[in-house]
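Build the full structure now, drawing on both the sequences and the hints.
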Amino acid sequence: MKFFEEKRREVMVHIEKFMLEKMNEYLKPIDTIWQPSDFLPDSSRDTFFNEIKELQESAQGLSYDLIAVLIGDTITEEALPTYESWLTMVEGVSRNEEGGWMKWTRHWTAEENRHGDLLNKYLYLSGRVDMRMMEISTQYLIADGFDIGTGHDPYRNFIYTSFQELATNVSHRRVASQAKKDGDTLLSKMCGVIASDEARHAKAYKYFIEKIFEVDPSEAMIAFEDMMRKKIVMPAHFLREVGLKIGQTFGHFTDAAQRLGIYTAIDYVDILKELIEDWHIESTTDLNEAGEKARDYIMNLPARLLRVADRMKNPMLEYKFTWING
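In terms of the working numbering, the numbers along the sequence shown are unbroken and rise by one, the last being 340.
Treat the hints with caution; some may be incorrect.
Said to hold, decoys possible - Straight line, CA to CA, 25 Å or less: simulated DMTMM-like cross-link-like pairs of lysine to aspartate or glutamate:
no.	residue 1	residue 2
1	Lys203	Glu68
2	Lys195	Glu71
3	Lys203	Asp292
Said to hold, decoys possible - The following label-pair restraints were derived from C-beta to C-beta distances:
no.	residue 1	residue 2	range
4	Ser51	Gln153	22 to 28 Å
5	Glu71	Ser51	17 to 23 Å
6	Glu228	Ser58	29 to 35 Å
Because the hints were derived from the structure by calculation, they are not lab data. Note that the structure is predicted; figures quoted are calculated from it, not measured. From the three backbone atoms N, C-alpha and C, an ideal C-beta is built for every residue, glycine too.
Okay, here's the thing in structure tokens:
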């Protein structure tokens, strides 16, 4: 175990310099990146109330399921205190505030923070949401934390974040597309720019794992296999509403996403395929016996998951969320 931790520490020191080098490529300058106020009605203008009226009229055209998915996505984005504290607890990384890991974590959190701010304000202005019920769910999610199966292992954490950023990109992109179909071009633009952020962040985490595969391929492969055996759970898997137990609302949220085609079992497989290709899993060399077995499992997994996905029926049970007015 001591050797295992020491090796992890050495590898994380190795990739820390790449984090600092790639900060400007995968994160945008604070002074020039978009801010929530760029999209929302300006309360200092005489047109403010007319703009809110227009926003609410457009929001009326959004389907019930889409509002539910948007609220779930917003709550997920707003649980950032949990994610930042989790990332700072990863083992084998320097706690140096000017080091690559801590700088990356702070700057990544700062970019992500804009997502919840923007969507929360939109939902508040839309008139479609019982904000108190939504706020309770947000507070619960932060207080309950999560158990995503990574422990404090940096390899498993980077694999998780690579997968998760790709998944949030898909979700926000599809919400943007559906909002446009429903006639809400403002919401479509909002979710579009959020999706672009998530795509950049996914590239960063995928790159970090790529550098790990270069120097510790067997352990990286075993970590990848382990995460896929456990299944990648979403960070909001403990989602609940007032009066409910941990996780009781999450299934209803994912059912709504599946019904609309926002995020499906097929998307899960497609993300796995993308990671297999981007990390050159099939052609990875210098693996020990455990690493070879792990690769075999990973390479065979997409076909197995597709067979399961093909047998899945679209969830039809409708659920009334406490978050949504009317």
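Each hint tested on the structure:
Annotation: proposed proximity of Lys203 to Glu68 holds, straight-line Cα distance about 15 Å (limit 25 Å). Taken as a hint, the Lys195 and Glu71 pair is honoured in the structure, with Cα atoms around 15 Å apart against an allowance of 25 Å. Between Lys203 and Asp292, the direct Cα distance comes to roughly 28 Å. Violation of the 25 Å bound is thereby established for this hinted pair. In this structure, Ser51 and Gln153 meet the distance hint of 22 to 28 Å, their C-beta atoms being roughly 25 Å apart.
For Glu71 and Ser51, the hinted distance range of 17 to 23 Å is satisfied, since their beta carbons lie about 21 Å from each other. Checked against the hint of 29 to 35 Å, the pair Glu228 and Ser58 fails, with Cβ atoms roughly 52 Å apart.
In summary, the numbered hints that this structure violates are 3, 6.
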